[in-house]
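Trainee: Given only the sequences and the hints, what does the whole structure look like? Please build it.
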Amino acid sequence: MKMIQNYKINHKINICFNLIILVSLLIFSNAFAQQEVREQNTTHHNMVNNKIYIFVSFSMPDSALKSYFLESNKIGAVLVMRGLKNNSFLDTKAKTDQLGISINIDPELFTKYQITSVPVIVIDNHQGKVKKLAGHIALNDALQIMQEEPM
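According to mature numbering (1 follows the signal peptide of the UniProt record, and there is no 0), the stretch in the sequence shown is residues -33 to -1, 1 to 118, in order.
Just so you know, not all the hints are guaranteed correct.
Said to hold, decoys possible - List time: in silico PhoX-like cross-link candidates among lysine-lysine, alpha-carbon distance up to 20 Å:
1. Lys98 - Lys79
2. Lys62 - Lys52
3. Lys99 - Lys79
4. Lys79 - Lys60
5. Lys33 - Lys98
6. Lys62 - Lys79
7. Lys18 - Lys41
8. Lys79 - Lys18
9. Lys96 - Lys18
10. Lys62 - Lys33
11. Lys98 - Lys18
12. Lys18 - Lys52
Everything labelled a hint here was simulated from the structure, so no lab data went into it.
If you're wondering where the values come from, they're calculated on a predicted model, not measured in any experiment.
Mentor: Next up, the structure:
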């Protein structure tokens, strides 16, 4: 009888201990997730007053164009292309509709920021300070890297 009571007590202690561990893990993971969100919001908040351009081309994979478009919408960045697909408004419209993206066509921005290949992400604070990062990289990662360097 005493052995059964000891077993029940030990079992209850184990359940309580496991519950404490589980609650601690949930608290820790929630705190970690909140810190991650704060860091992302800080990055995006610091970029609000800046203009963010993502220079792209139809020569890039469709998946890359879609990804940049979706990411750019979250922070108000703009996809920019130098010109039309096949020098045709109809071809350009058909391709953007097929991909479900919107773009700005602005060859002057390519000249202004000296863009010779794509993709390139540009941050312009409109006070003469510009940051550029070339190469295919996720927009959030690019913004993190660019934020670490002063304007």
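Trainee: Check whether the Cα positions of lysine 18 and lysine 41 lie no farther apart than 20 Å.
Mentor: Judged against 20 Å, a Cα distance of about 14 Å means the pair holds.
Trainee: Please verify whether lysine 96 and lysine 18 have alpha carbons no more than 20 Å apart.
Mentor: At roughly 11 Å apart (the allowed maximum being 20 Å), lysine 18 and lysine 96 satisfy the hint.
Trainee: Check the hint pairing lysine 18 with lysine 52 against an upper bound of 20 Å on the C-alpha distance.
Mentor: Violated. Lysine 18 to lysine 52 sits at ~25 Å, over the 20 Å cutoff.
Trainee: Would the pair lysine 79 and lysine 18 pass a check requiring their Cα atoms to be no farther apart than 20 Å?
Mentor: Roughly 14 Å between the alpha carbons, so the hint for lysine 79 and lysine 18 holds.
Trainee: Taking 20 Å as the top limit, are the C-alpha atoms of lysine 98 and lysine 79 close enough?
Mentor: 13 Å, holds
Trainee: For a C-alpha distance cap of 20 Å, please report whether lysine 79 and lysine 60 respect it.
Mentor: At roughly 25 Å apart (the allowed maximum being 20 Å), lysine 60 and lysine 79 break the hint.
Trainee: Is lysine 98 close enough to lysine 18, meaning Cα to Cα at most 20 Å?
Mentor: Distance ~11 Å between lysine 98 and lysine 18 Cα, so the pair holds.
Trainee: Within 20 Å, alpha carbon to alpha carbon, are lysine 62 and lysine 52?
Mentor: 8 Å, holds
Trainee: Are the Cα positions of lysine 33 and lysine 98 separated by 20 Å at most?
Mentor: Violated - the C-alpha atoms of lysine 98 and lysine 33 are around 23 Å apart, more than 20 Å.
Trainee: Given the hint that lysine 99 pairs with lysine 79, does the C-alpha gap stay at or below 20 Å?
Mentor: 12 Å, holds
Trainee: Would you check the hint for lysine 62 and lysine 33, treating anything up to 20 Å between C-alpha atoms as holding?
Mentor: With Cα atoms ~11 Å apart, lysine 62 and lysine 33 stay inside 20 Å; holds.
Trainee: Does the structure keep lysine 62 and lysine 79 at a Cα separation of 20 Å or less?
Mentor: 26 Å, violated
When each numbered hint is compared with the structure, violations occur for hints 4, 5, 6 and 12.
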